[in-house]
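Colleague: Residue strings, one per chain:
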Amino acid sequence: MVSYIFRRTLMAIPLLLGITILSFAIIKAAPGGPVAMLMDPKMKASDREKFEEKYGLNDPVYVQYFKWLGNMAKGDFGESLIKRGTPVSELILNRLPNTLLLMTVSFLLAVLIAIPIGIYSAMRPYSPLDYTFTVGSFLGVATPNFWFGLILIMFFSVTLGWFPTGGVATLNAPFSLWDRIHHLILPALVLATADLAALTRYTRSSMLDVLKQDYIRTAKSKGFKEKKVVIKHGIRNGMIPIITLFGLMLPSFIGGAAITEKVFAWPGLGQLFIDSAFQRDYPVIMALTVISAVFVVIGNLLADILYAIFDPRIEY
Amino acid sequence: MKKPAWLLLSLMLVLSMFLAACSGGGKTNTTESPKGETKGTEKEETKNEGPVQGGDLVIGSTGAPTMFNPLYSNDASSSDIEDMIFSQLMGSDIGLNTVKEGNLAETYEASEDGLEFTIKIVENAKFHDGEPLDADDVVFTYNIPLSPDYDGVRKSYFENIEKVEKIDQYTVKFTLKQVDAQFPVVSLGFGILPEHILKDVPIADLGEHEFNTKNPIGSGPFKFSEWKDGEYVKVVANDDYFDGRPYLDSVTYKLVPDANAILAQLQAGDIDYYAGIPQPDVPTVESYADAAGLRLESGLALSYTYLAFNQRDDKFKDKKVRQAITHAIDRKAIVEHVMAGLGEVAHVPESPLSWAYNPDVPKFEYDVEKAKKMLEEEGWKPGADGILEKDGKKFSVEVKTNQGNKVREDIVVILQKQLKEVGIEIKPQIVEFSSLIADIDPGVWNFEAIVLGWSLGIDPDPSGIFHTKEIEKGLNFTGYSNPEIDVLMDEQLKELDKNKRKEMIGKIQALLAEDQPYTFLYYPKEFRAMPKNLEGYEFHPKAQMYNIHKWWLKPE
Numbered sequence: 001m002v003s004y005i006f007r008r009t010l011m012a013i014p015l016l017l018g019i020t021i022l023s024f025a026i027i028k029a030a031p032g033g034p035v036a037m038l039m040d041p042k043m044k045a046s047d048r049e050k051f052e053e054k055y056g057l058n059d060p061v062y063v064q065y066f067k068w069l070g071n072m073a074k075g076d077f078g079e080s081l082i083k084r085g086t087p088v089s090e091l092i093l094n095r096l097p098n099t100l101l102l103m104t105v106s107f108l109l110a111v112l113i114a115i116p117i118g119i120y121s122a123m124r125p126y127s128p129l130d131y132t133f134t135v136g137s138f139l140g141v142a143t144p145n146f147w148f149g150l151i152l153i154m155f156f157s158v159t160l161g162w163f164p165t166g167g168v169a170t171l172n173a174p175f176s177l178w179d180r181i182h183h184l185i186l187p188a189l190v191l192a193t194a195d196l197a198a199l200t201r202y203t204r205s206s207m208l209d210v211l212k213q214d215y216i217r218t219a220k221s222k223g224f225k226e227k228k229v230v231i232k233h234g235i236r237n238g239m240i241p242i243i244t245l246f247g248l249m250l251p252s253f254i255g256g257a258a259i260t261e262k263v264f265a266w267p268g269l270g271q272l273f274i275d276s277a278f279q280r281d282y283p284v285i286m287a288l289t290v291i292s293a294v295f296v297v298i299g300n301l302l303a304d305i306l307y308a309i310f311d312p313r314i315e316y
Numbered sequence: 001m002k003k004p005a006w007l008l009l010s011l012m013l014v015l016s017m018f019l020a021a022c023s024g025g026g027k028t029n030t031t032e033s034p035k036g037e038t039k040g041t042e043k044e045e046t047k048n049e050g051p052v053q054g055g056d057l058v059i060g061s062t063g064a065p066t067m068f069n070p071l072y073s074n075d076a077s078s079s080d081i082e083d084m085i086f087s088q089l090m091g092s093d094i095g096l097n098t099v100k101e102g103n104l105a106e107t108y109e110a111s112e113d114g115l116e117f118t119i120k121i122v123e124n125a126k127f128h129d130g131e132p133l134d135a136d137d138v139v140f141t142y143n144i145p146l147s148p149d150y151d152g153v154r155k156s157y158f159e160n161i162e163k164v165e166k167i168d169q170y171t172v173k174f175t176l177k178q179v180d181a182q183f184p185v186v187s188l189g190f191g192i193l194p195e196h197i198l199k200d201v202p203i204a205d206l207g208e209h210e211f212n213t214k215n216p217i218g219s220g221p222f223k224f225s226e227w228k229d230g231e232y233v234k235v236v237a238n239d240d241y242f243d244g245r246p247y248l249d250s251v252t253y254k255l256v257p258d259a260n261a262i263l264a265q266l267q268a269g270d271i272d273y274y275a276g277i278p279q280p281d282v283p284t285v286e287s288y289a290d291a292a293g294l295r296l297e298s299g300l301a302l303s304y305t306y307l308a309f310n311q312r313d314d315k316f317k318d319k320k321v322r323q324a325i326t327h328a329i330d331r332k333a334i335v336e337h338v339m340a341g342l343g344e345v346a347h348v349p350e351s352p353l354s355w356a357y358n359p360d361v362p363k364f365e366y367d368v369e370k371a372k373k374m375l376e377e378e379g380w381k382p383g384a385d386g387i388l389e390k391d392g393k394k395f396s397v398e399v400k401t402n403q404g405n406k407v408r409e410d411i412v413v414i415l416q417k418q419l420k421e422v423g424i425e426i427k428p429q430i431v432e433f434s435s436l437i438a439d440i441d442p443g444v445w446n447f448e449a450i451v452l453g454w455s456l457g458i459d460p461d462p463s464g465i466f467h468t469k470e471i472e473k474g475l476n477f478t479g480y481s482n483p484e485i486d487v488l489m490d491e492q493l494k495e496l497d498k499n500k501r502k503e504m505i506g507k508i509q510a511l512l513a514e515d516q517p518y519t520f521l522y523y524p525k526e527f528r529a530m531p532k533n534l535e536g537y538e539f540h541p542k543a544q545m546y547n548i549h550k551w552w553l554k555p556e
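Here the protein sequences line up with chains A and B, keeping their order.
Under my numbering, the first residue of the first sequence carries the number 1, and numbering increases by one thereafter.
Under my numbering, the first residue of the second sequence carries the number 1, and numbering increases by one thereafter.
Hints are supplied without guarantee of correctness; some may be wrong.
27 Å max Cα-Cα, derived DSSO-like pairs, lysine-lysine [unchecked claim]: (1) Lys381/B x Lys420/B; (2) Lys42/A x Lys320/B; (3) Lys163/B x Lys42/A; (4) Lys494/B x Lys507/B; (5) Lys214/B x Lys54/A; (6) Lys42/A x Lys173/B; (7) Lys54/A x Lys67/A.
If you want the footprint, here are the derived chain B segments under chain A, 3+ residues with CB under 8 Å [to be verified]: (8) 146-152; (9) 251-257; (10) 261-275; (11) 513-524.
Just a few of them, taken from the derived set where beta-carbon distance is under 8 Å, the chain A residues facing chain B [unchecked claim]: (12) Arg48; (13) Val63; (14) Lys67; (15) Gly85; (16) Leu150; (17) Lys262; (18) Asp275.
No lab work stands behind these hints: they were computed from the structure.
Every residue gets a Cβ at the ideal spot worked out from N, C-alpha and C, and that includes glycine.
Make a model of the complete structure from these sequences and hints.
Modeller: If you want it as structure tokens, here you go:
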């Protein structure tokens, strides 16, 4: 197992390098630059030269890439070109807690609701309640986050006044745990909806497969109660594909919530990523890309390891 | 048989939830909408009660600031904050006149030849750390962009300054390279930086210095207090402000990146003030303003929207054709339908708000018959399909505009319909903004006609966009050239007498209107929402925070 993890980690290195080369090339191919979009009759193109020279923006792309890679190897993400002088790592660390909080809560919410629903649907397939859940989850998948978020804000925040309209905490108020939770509920709900829908469907179909197995029938025919059979024998096996899904969802902890963050003015990494992309803040874009790529690799690895833990038949 | 019933029921449940939410949003619409400009009557009522000190004002913004140093930042949100933290030598009033009142200059004198400006600054200005602001700070600030090490993007704003000298502790003298009527507007509006804090920082490192992001210190009405990235910037009243302590205790500049969400926050009362309401949303905001404790103030924005013609194209070389096209466009209808009536038809590239605006220029009103006749005189005859033809070529034009701007996208479609009346075929092309900008870059000029907007400066100089010398490298992307106007544009920049300059600029505007390098479409109206009880507010078209130290909240 240990040697497997080691091998996989080694294999990830060329993969990550490839990702950085590709994303660097794509970002640089986009028109414009951090100060190139200004259209002001009082300004001349020559006004930008000094800035561009200082940050090496006029060097050939490969030179820029190797410079970046060299710093990166030393663990230095560089400084923002827009918030000049601010280390990229500081920008990211400022926002990381917000994103992790939102993603973890919404993910737990999704899991806690989706798995029981999925199991129930598998136990009573084609029942009225199963159909309701099915329709619900299709709606959940089909509803765009920004729209759902705005509807929730209009209804629960503006009309009813039950929840704050956005942000992580009340302005100009001392820290309070309830206040933080209060602000978290709506965005977490919106994010959970999409995951929830997918998770419900996966759980249902996976459980359905398992419950058709011979050993389940054997257990039932031995006279065990249905509940006991499902919980003891069904869930453990039915959860294996779901674990893969968890691994694949992990990278979205970093970048997946941009739209929801925007609607709820949630100062997270997704928003940072979008802002940097529009402002052509290359070091920030690259740092976030690398981090997401690392998370994809870790997520996959984690899924494989969990697989082995849950399924004794799998060995590496 | 049971299945469909369940399906339907659950669907209806979900749908009704959304419907409830939608109508819920509009429930507050019953109260009458407040009027935009109600200041006259309100002032009388408050005659006896003086301004009251206190309160926090939450200002909403969809853009996030980047840094607080006027010589280096280049976005609107940063300058909103800078306007509160820093003070400048000269500013502009709501009539866009350059003024010293409320700014650091106490007296302002130009020499006979117009090359030297002596400015005495107020003696009671202090930086937020208690150090007095004097001539050394002014000289220090202006020497930054004059230095070859300066790497900000504002160099051209100062290129005409030869040197800045200290005369005595509170007097400075600017020497210019050549006479420049724009000098006070363009160069004297920058916030003064504290010499005692930054003097040892090499100018090459100033752009990255943590003063800009962590601890900006100015002499403005508000002191920097806190910046939570992606959340808000907070500033608190400066008790020692030279023009008097602000009435507000603090201002919180709240960042809400989503344009729809920010309107919801306004309605819910989580934002008190928002200046960027899109015109199509104005009726909605008006409908809930009263219930939400808000009022709207409006005025013309300092900008105009236009249809520009690439004059390298044979079709647009003749001004008669351009005039005919303007005749064929019903600009009133465009304002009415696309802008919900919230704008005014434009005839020149200058706002009616400016002191240099000339209302008496050739106007090409909507007149389809006249347009047809003029085009016929130019040799354009209707072909078999009704489209005009000349020398076997059809009058077919590709009109570009940027994606994501709903108003402009609609305008192009209306143009297509209106110009069809005279036999001109329009092919709309909606292009992503940065590639559209690349299309009009000098040397590229990949367009036939384009719908865009210009935001105008305080100074009425039009040469940045219409001077022949701006074709090769500047923003005169249509290739318009008129030697007579070039001379006038050069001369007005050297004219220091405001009245004479006004006359000259007026003449330029009349000539531009005659030449129609653009069809000037309209000046949009701008709407700002604020608390009903906000007093002391004046609508300045360029500075949404104009005189913010005089704003106060009337107790209810």
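Colleague: With reference to the structure, classify each hint as holding or not holding.
Modeller: Right, here's what the structure says about each hint:
{"no.": "1", "hint": "Lys381/B x Lys420/B", "verdict": "holds, 14 Å"}
{"no.": "2", "hint": "Lys42/A x Lys320/B", "verdict": "violated, 31 Å"}
{"no.": "3", "hint": "Lys163/B x Lys42/A", "verdict": "holds, 20 Å"}
{"no.": "4", "hint": "Lys494/B x Lys507/B", "verdict": "holds, 16 Å"}
{"no.": "5", "hint": "Lys214/B x Lys54/A", "verdict": "holds, 22 Å"}
{"no.": "6", "hint": "Lys42/A x Lys173/B", "verdict": "holds, 23 Å"}
{"no.": "7", "hint": "Lys54/A x Lys67/A", "verdict": "holds, 13 Å"}
{"no.": "8", "hint": "146-152", "verdict": "holds (count 3)"}
{"no.": "9", "hint": "251-257", "verdict": "holds (count 5)"}
{"no.": "10", "hint": "261-275", "verdict": "holds (count 6)"}
{"no.": "11", "hint": "513-524", "verdict": "violated (count 0)"}
{"no.": "12", "hint": "Arg48", "verdict": "holds, 6 Å"}
{"no.": "13", "hint": "Val63", "verdict": "violated, 20 Å"}
{"no.": "14", "hint": "Lys67", "verdict": "violated, 17 Å"}
{"no.": "15", "hint": "Gly85", "verdict": "holds, 3 Å"}
{"no.": "16", "hint": "Leu150", "verdict": "holds, 6 Å"}
{"no.": "17", "hint": "Lys262", "verdict": "holds, 5 Å"}
{"no.": "18", "hint": "Asp275", "verdict": "holds, 7 Å"}
Going down the numbered hints, you'll see the structure goes against 2, 11, 13, 14, while the others check out.
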